[in-house]
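Just so you know, we're using our numbering here: the sequence shown kicks off at 1031 and counts up by one.
Bear in mind the hints are in silico, worked out from the structure with no lab data behind them.
The list that follows gives simulated cross-link-like pairs (lysine to aspartate or glutamate, DMTMM-like), each with its CA atoms no further than 25 Å apart:
1. 1127 <-> 1156
2. 1316 <-> 1292
3. 1281 <-> 1333
It should be emphasised that the depicted structure is a prediction, and the values quoted were computed from it without experimental measurement.
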Amino acid sequence: MVNLPRLSAIVVTLAGVTFSPATQAQFIRTLPDTLAPGGTSGGGFRTQCPDGTILAGVNASFGADMNSIAGVCRKFENGHYVGNLIPLETRGRPNDKHGQARCPTVVQGMWVGISGAGSSLVHHIELICGNLKKRTVEPSPIIDTATFGLLTHGGEAFATVAADCGPGAFAIGLQGTSGSLVDSVGMICGRFDDTPASKPGGIKAVGKAVKTTGAGDTTEPLPPGVVDNDDGGNDGGNGKGFRQLTAGGGKGSANTDTTIYDQPEGSDVAYLSAGDRVTIVQCNQKVANWCEISTPRHGWVWEPELDH
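Given these sequences and hints, build the entire structure.
Dropping the structure here:
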């Protein structure tokens, strides 16, 4: 590790990620953790936000490397944080050089600076903040204000590794290893979702077709392998009064739970579970980073969330 003077810190980079803004009708579904860059010494830790809250930022202390870290959580409703900050348990051993980082939107992930190639420690972190209107990553200049906070300390990071929950997701806690210092750190991830029983538009397996005329259920059975998104509207296209979403397609599949939109960055019209197959019409030709699909229904899906 080369010990060169530099401004090393918890810093914030603004990046863009699309979600549907959270409302009281939505709940937070846990996703797989990110990796936890750093070393393997110390004991494992896992600190998760209370139900109904998400990670809003972190508090930390430093010497030459990161001495301690603690997440802070907050409720997030209709695209904004509301209510008081809720601190999580501090891991590591704090000293008197403190810093903090906050995201004005959701915390999508972080870049983790590693102090060495051998017995690695966490040197610094840089939060990746999500923008609720876009999915493209557009880093901004480092923000140096009292709100976000920068902390100067010695040393130079050997390498920087991303611990990113990915597009459409956000952090709901921290996980890693620590002793007297922070050896490694990553994110516990989640995403806003709708309860299948109450949200119109969510794909669910059914044994009957659900009419879209408002007249109630029909006894006409759906064909095998067909699901219905039961949104109560006039879907059109199949002439039977219900939306027929056929599980199939041979050109790709969802690599995570994701959303089908009526147009890029438009309104959600249906949902896919990880592993669901789709028929892809085109990707990146009309709109960068978006795929147009024809089955299980016509719409648009964020391209990184499809394997093809």
